[in-house]
Amino acid sequence: MATRRPAPRPGQPGQGPGSNGGGEDGVNIQVVVRCRPLSKEETASRAPCVVKCTDALREVTLQQNIGGKQIGRTYHFDRVLSGETTQEELYQRTVSPMVDEMLEGFNCTIFAYGQTGTGKTYTMNGEFGDELGGGAPGPHSGVVPRAIYQVFAYLDALGNGAEFTVKASYLELYNEEITDLLVNGSGGGAAPGPGNAAAAPSSSGAPPGAPESRIRILE
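Residue numbering for the sequence shown follows the working numbering, beginning at 16 and increasing consecutively.
The hints are simulated quantities; they were obtained by calculation from the structure and are not laboratory data. Heads up, some of the hints might be wrong.
Distance condition first, Cα-Cα at most 30 Å in a straight line; then the derived DSS-like pairs of lysine-lysine [what the hints assert, rightly or not]:
| no. | residue 1 | residue 2 |
| --- | --- | --- |
| 1 | Lys67 | Lys135 |
| 2 | Lys135 | Lys55 |
| 3 | Lys55 | Lys67 |
Simulated restraints, written as ranges between beta carbons of each label pair [stated by the list, open to error]:
| no. | residue 1 | residue 2 | range |
| --- | --- | --- | --- |
| 4 | Ile81 | Asp171 | 48 to 58 Å |
| 5 | Gly83 | Asn122 | 47 to 57 Å |
| 6 | Thr124 | Glu192 | 18 to 28 Å |
| 7 | Arg61 | Thr180 | 47 to 57 Å |
| 8 | Leu77 | Gly174 | 46 to 56 Å |
| 9 | Arg61 | Tyr169 | 44 to 54 Å |
| 10 | Glu74 | Thr124 | 18 to 28 Å |
| 11 | Val198 | Gly83 | 20 to 30 Å |
| 12 | Gly132 | Leu188 | 15 to 25 Å |
| 13 | Met139 | Thr89 | 25 to 35 Å |
| 14 | Glu192 | Ser111 | 39 to 49 Å |
| 15 | Gly98 | Val42 | 40 to 50 Å |
Just so we're clear, the structure is a prediction, and the values are computed from it rather than from any experiment. Virtual Cβ for every residue (Gly too), placed ideally from N, Cα, C.
Please work from the sequences and hints to get the whole structure.
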């Protein structure tokens with residue numbers, strides 16, 4: 016799920032998410048489904064594949080055996096990525112345009128959700144270390160390291176002598192508690208916010224550095 020809205024500038028109130036269109040269909044929120052292929056264990060046990068993803072039609076069909084009959088239920092989404100979709104293809108088709116918009120001053124969010132074992136961690140992080148030392152994302156690099164490389168590539172391409180400071184925050188939301196993962200041993204819980212809402216702690220923010228240094232921090 017991706018959201019996009021203009022980032023407020025000094026002295027200017029933030030605009031609502033409906034003020035500008037985002038994404039390929041001009042909407043601010045899009046739901047993208049990535050279907051995971053069968054694992055080695057599932058293949059070895061001859062588990063049936065009950066999910067069919069059709070990228071072109073942007074639909075997912077779930078096959079169910081009800082009363083001895085195969086019943087298919089089809090759901091439509093903004094975009095559907097089959098199990099054959101690579102990390103690079105996923106990033107270029109769904110995330111890279113949002114990073115470009117972020118660099119133009121828009122707030123963007125990529126939110127991955129799903130059951131345990133569906134591939135959230137692989138999609139977002141990939142295999143850390145796959146890209147280190149190569150100066151570019153590896154084939155198994157996820158959304159986070161690829162976005163880091165894209166941001167630094169953008170800054171390097173400016174080449175106008177300007178100086179930039181890049182900070183990274185890494186927060187964990189678990190059981191309604193927010194923890195700053197970059198503060199060693201802090202346990203940094205959430206502070207109470209208005210209406211008993213949880214407010215994120217003041218994130219530590221990692222110092223500037225090369226893309227690889229940002230990725231090592233997140234390992």
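Results of checking the hints against the structure:
1. Lys67 x Lys135: Cα-Cα ~19 Å, so holds.
2. Lys135 x Lys55: Holds: Lys135 and Lys55 sit about 18 Å apart, inside 30 Å.
3. Lys55 x Lys67: Satisfied, since the Cα-Cα distance of roughly 18 Å is no more than 30 Å.
4. Ile81 x Asp171: 48 to 58 Å: holds, 56 Å
5. Gly83 x Asn122: 47 to 57 Å: holds, 51 Å
6. Thr124 x Glu192: 18 to 28 Å: holds, 20 Å
7. Arg61 x Thr180: 47 to 57 Å: holds, 54 Å
8. Leu77 x Gly174: 46 to 56 Å: About 50 Å separates the Cβ atoms of Leu77 and Gly174, which means 46 to 56 Å holds.
9. Arg61 x Tyr169: 44 to 54 Å: Given range 44 to 54 Å: holds, Cβ gap about 47 Å.
10. Glu74 x Thr124: 18 to 28 Å: holds, 25 Å
11. Val198 x Gly83: 20 to 30 Å: violated, 57 Å
12. Gly132 x Leu188: 15 to 25 Å: holds, 20 Å
13. Met139 x Thr89: 25 to 35 Å: holds, 27 Å
14. Glu192 x Ser111: 39 to 49 Å: For Ser111 against Glu192, whose Cβ atoms are near 32 Å apart, the range 39 to 49 Å is violated.
15. Gly98 x Val42: 40 to 50 Å: Check failed, 26 Å falls outside 40 to 50 Å.
In the structure shown, a violation is registered for the earlier hints numbered 11, 14, 15, in ascending order.
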